[in-house]
Amino acid sequence: ITAFDPDGEAVVVKTESQKSIPADMVILSIGVAPESGLAKEAGLEIGSLGGIKVNDYMQTSNGDVYAVGDVVEVKNLITGKPALIPLAGPANKQARIASDNIILGNKRVYKGTIGTSIAKVFDMTVASAGASERLLSREGIAYNTTISHSGSHAGYYPGALPLTVKINFSPEGKLLGAQVVGFEGVDKRIDLLAQVIRNGGTIYDLQEIEHAYAPPFSSAKDPVNTAGFIAENILTGRVNIIRWDELLKVDPEAIILDVRIKEEFEFGHIENAINIPLDELRERLSEIPTHLPVYLYCAVGLRGYTASRILQQHGFSAVYNLSGGYKTYSCLLQEQRTIAGDSTIECDFLPVIRDDGEIKIEPAKKIVVDACGLQCPGPIRELKKNYDRLLFGEQLTIKVTDQAFGQDLNAWCNMVGAKLIDMNQSGGVISATVKKTESKNLSIPTQGNSMKGSDTKTLIVFSDDLDKALATFVIANGMLAAGKKVSIFFTFWGLSVIKQQNKANVEKDFISKM
Numbered sequence: 001i002t003a004f005d006p007d008g009e010a011v012v013v014k015t016e017s018q019k020s021i022p023a024d025m026v027i028l029s030i031g032v033a034p035e036s037g038l039a040k041e042a043g044l045e046i047g048s049l050g051g052i053k054v055n056d057y058m059q060t061s062n063g064d065v066y067a068v069g070d071v072v073e074v075k076n077l078i079t080g081k082p083a084l085i086p087l088a089g090p091a092n093k094q095a096r097i098a099s100d101n102i103i104l105g106n107k108r109v110y111k112g113t114i115g116t117s118i119a120k121v122f123d124m125t126v127a128s129a130g131a132s133e134r135l136l137s138r139e140g141i142a143y144n145t146t147i148s149h150s151g152s153h154a155g156y157y158p159g160a161l162p163l164t165v166k167i168n169f170s171p172e173g174k175l176l177g178a179q180v181v182g183f184e185g186v187d188k189r190i191d192l193l194a195q196v197i198r199n200g201g202t203i204y205d206l207q208e209i210e211h212a213y214a215p216p217f218s219s220a221k222d223p224v225n226t227a228g229f230i231a232e233n234i235l236t237g238r239v240n241i242i243r244w245d246e247l248l249k250v251d252p253e254a255i256i257l258d259v260r261i262k263e264e265f266e267f268g269h270i271e272n273a274i275n276i277p278l279d280e281l282r283e284r285l286s287e288i289p290t291h292l293p294v295y296l297y298c299a300v301g302l303r304g305y306t307a308s309r310i311l312q313q314h315g316f317s318a319v320y321n322l323s324g325g326y327k328t329y330s331c332l333l334q335e336q337r338t339i340a341g342d343s344t345i346e347c348d349f350l351p352v353i354r355d356d357g358e359i360k361i362e363p364a365k366k367i368v369v370d371a372c373g374l375q376c377p378g379p380i381r382e383l384k385k386n387y388d389r390l391l392f393g394e395q396l397t398i399k400v401t402d403q404a405f406g407q408d409l410n411a412w413c414n415m416v417g418a419k420l421i422d423m424n425q426s427g428g429v430i431s432a433t434v435k436k437t438e439s440k441n442l443s444i445p446t447q448g449n450s451m452k453g454s455d456t457k458t459l460i461v462f463s464d465d466l467d468k469a470l471a472t473f474v475i476a477n478g479m480l481a482a483g484k485k486v487s488i489f490f491t492f493w494g495l496s497v498i499k500q501q502n503k504a505n506v507e508k509d510f511i512s513k514m
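Letter 471 of the sequence shown, counting from 1, is numbered 471 in our numbering, and no numbers are missing.
Derived from the structure by calculation, the hints contain no laboratory data. Note that the Cβ used here is the ideal one computed from N, Cα and C, for glycine as well. Any given hint could turn out to be false.
Computed spacing ranges between beta-carbons, pair by pair [unchecked claim]:
#1 L28 to L87: 15 to 25 Å
#2 E139 to I21: 33 to 43 Å
#3 G89 to H314: 43 to 53 Å
Distance condition first, Cα-Cα at most 30 Å in a straight line; then the derived DSBU-like pairs of lysine-lysine [stated by the list, open to error]:
#4 K384 to K484
#5 K174 to K249
#6 K399 to K385
#7 K40 to K81
#8 K93 to K111
#9 K174 to K221
#10 K262 to K366
#11 K457 to K262
#12 K93 to K107
#13 K188 to K120
#14 K53 to K40
#15 K419 to K366
#16 K93 to K81
#17 K384 to K262
#18 K111 to K188
#19 K93 to K53
#20 K485 to K385
#21 K366 to K484
#22 K174 to K93
#23 K385 to K419
#24 K93 to K166
#25 K221 to K262
#26 K40 to K107
#27 K75 to K188
#28 K399 to K166
#29 K384 to K366
#30 K93 to K188
#31 K53 to K81
With the hints as constraints, model all of the structure from the sequences given.
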């Protein structure tokens, strides 16, 4: 960057490559440097990083002078080397220790820090603790890494938002660093991870963390537990992973296998990938060459892990699962673009042709679909299912919390002929409105035959009344005779219809009676 030029209420960023980039806001993240000039002039020893050099008691090279805060070099507990950690938390702890040592003599020791930090970035929260990949690589420390995508709490409880956890760990399993990104619950997870790192814990300790669980607050397996489980799978050889940057360098002859459902694949996929959904994999193994490496991926990694195990058990020796799945890959590699929606919503009224030829103008139907909390392929299925029910000119608004959903929605609209009216994000919830537009296979329907009905029907039996249960089977047989596919779902009470009326008494012990 060479200059920032004002342009009305905006700013133009000038670069060395002669580019001019207009922006509404520019955020500088160029780091900070310790202001140690006064200490240098006073003759205090300055460390290799430009900060004041202190011992474990926060004492400088002058025994009568103590220093704390952003200006001092402290011990990094991961590398054991000096580090600059300009954070308020460590500074306050250093101040208490230095104060005690000034008054009582050098008795209290500052052990060091792992640099736990957190920041609010618009609606998102980002946090880190311990060593990053960049630091570990620079110091020559061997490590593995894994990325997992979970929810801030149980998905079936309303309001669950995406949460991404990345951990770095040694080949022996020692936890070296962690990063968490999300909209809710980030602080809680980074605090758990930070304590394990600071205490020299391992990925096995992550598995055993006993967290406070109830559906509004977490899942039975917390995202921190899940990160530990994934790391163990890697260390024990249950799965071989490949990172997004490594996937870019694989042999062009290698097989890239997408095990998501067809709708997800059409939404967006890795170039040259073959789509075999996980549910079809066992029946289609013959389509995959056994002599070539196979690189698997799904949305977040879970289905890829299952597919990897299936292939390994069928003799495939070189199988790799993409860490973080397509969600991570697309976030890092897809071109970031601005999707411009119309400022007004068009076609609020729908022309309907009656059987007698009269055209009646009726308000266009607008459907609202709440897919919040659903992980892929849930939002895509809900979008497609409800979009197929729309008539020409009708609109659908879908709300999702899966952040990858918004990236390819524009491409999906182009593929199916839909018009993206509006898309916005607030509080981690993406809200998008699409309109069903006329295509070459679509005509204005008549009122007598406005929409083709589904060929699949499901009947739900939730009564133990035998007459009602028999009536359900009569209705089902009638639908079958009409060419429909019918399934019957019995709830707990529905299943009670098969209970014995005159049951025999069964002796039960004390525990069974409870």
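Now the hints, each set against the structure:
Distance hint check for L28 and L87: the Cβ-Cβ separation is about 19 Å, which falls inside the suggested range of 15 to 25 Å. At roughly 35 Å, the beta carbons of E139 and I21 sit within the given window of 33 to 43 Å. Checking the proposed 43 to 53 Å range against G89 and H314 shows it holds: the Cβ atoms sit about 51 Å from each other. The suggested pairing of K384 with K484 holds, with an alpha-carbon distance near 21 Å, which does not exceed 30 Å.
Our distance criterion of 30 Å between C-alpha atoms is met by K174 and K249, whose separation comes to about 29 Å. Of the pairs offered as hints, the one joining K399 and K385 holds, with about 14 Å between alpha carbons and a cut-off of 30 Å not exceeded. Annotation: proposed proximity of K40 to K81 holds, straight-line Cα distance about 21 Å (limit 30 Å). Between K93 and K111 the alpha-carbon distance is near 11 Å, which keeps this suggested pair within the 30 Å criterion.
The hinted pair formed by K174 and K221 meets the criterion: a straight-line CA distance of about 21 Å does not exceed 30 Å. With a C-alpha separation of about 27 Å, the suggested pair K262 and K366 falls inside the 30 Å cut-off, and the hint holds. With a C-alpha separation of about 22 Å, the suggested pairing of K457 with K262 holds against the 30 Å cut-off. Between K93 and K107 the CA atoms are separated by roughly 15 Å; this keeps the pair inside 30 Å, and the hint holds.
About 14 Å separates the Cα atoms of K188 and K120, which keeps this hinted pair within 30 Å; it holds. Proposed proximity of K53 and K40 is supported: the alpha carbons are some 11 Å apart, at most 30 Å. Annotation: proposed proximity of K419 to K366 holds, straight-line Cα distance about 14 Å (limit 30 Å). For the given pair, K93 sits about 19 Å from K81 by alpha-carbon distance, which is consistent with the 30 Å threshold.
The straight-line distance between the Cα atoms of K384 and K262 is roughly 12 Å, inside the 30 Å bound, and the hint therefore holds. Taking the CA atoms of K111 and K188, the gap is about 24 Å. The hint holds against a cut of 30 Å. Between the alpha carbons of K93 and K53 the distance comes to roughly 17 Å, so the proposed pair stays at or under 30 Å and holds. For a cut-off of 30 Å, the pair hint linking K485 to K385 stands: about 17 Å separates their Cα positions.
The suggested pairing of K366 with K484 holds, with an alpha-carbon distance near 28 Å, which does not exceed 30 Å. At roughly 26 Å between alpha-carbon atoms, K174 and K93 fall within 30 Å of each other, so this suggested pair holds. Only pairs whose Cα atoms come within 30 Å are accepted, and K385 paired with K419 is accepted, the gap being roughly 17 Å. Pair hint K93 plus K166 holds up; C-alpha atoms about 27 Å apart against a cutoff of 30 Å.
A threshold of 30 Å between alpha carbons decides the hint, and for K221 with K262 the separation of about 29 Å falls inside it, so the pair holds. The straight-line distance between the Cα atoms of K40 and K107 is roughly 27 Å, inside the 30 Å bound, and the hint therefore holds. Among the hinted pairs, K75 with K188 is consistent with the structure: their alpha-carbon atoms are about 25 Å apart, no more than 30 Å. Proximity of K399 to K166 is assessed by CA-CA distance (about 27 Å); at most 30 Å being required, the pair is judged to hold.
Between K384 and K366, the direct Cα distance comes to roughly 15 Å. Compliance with the 30 Å bound is thereby established for this hinted pair. For a cut-off of 30 Å, the pair hint linking K93 to K188 stands: about 21 Å separates their Cα positions. This hinted pair checks out: K53 and K81 have alpha carbons roughly 12 Å apart, not beyond 30 Å.
Comparing the model with each earlier hint shows no violations; every hint is respected.
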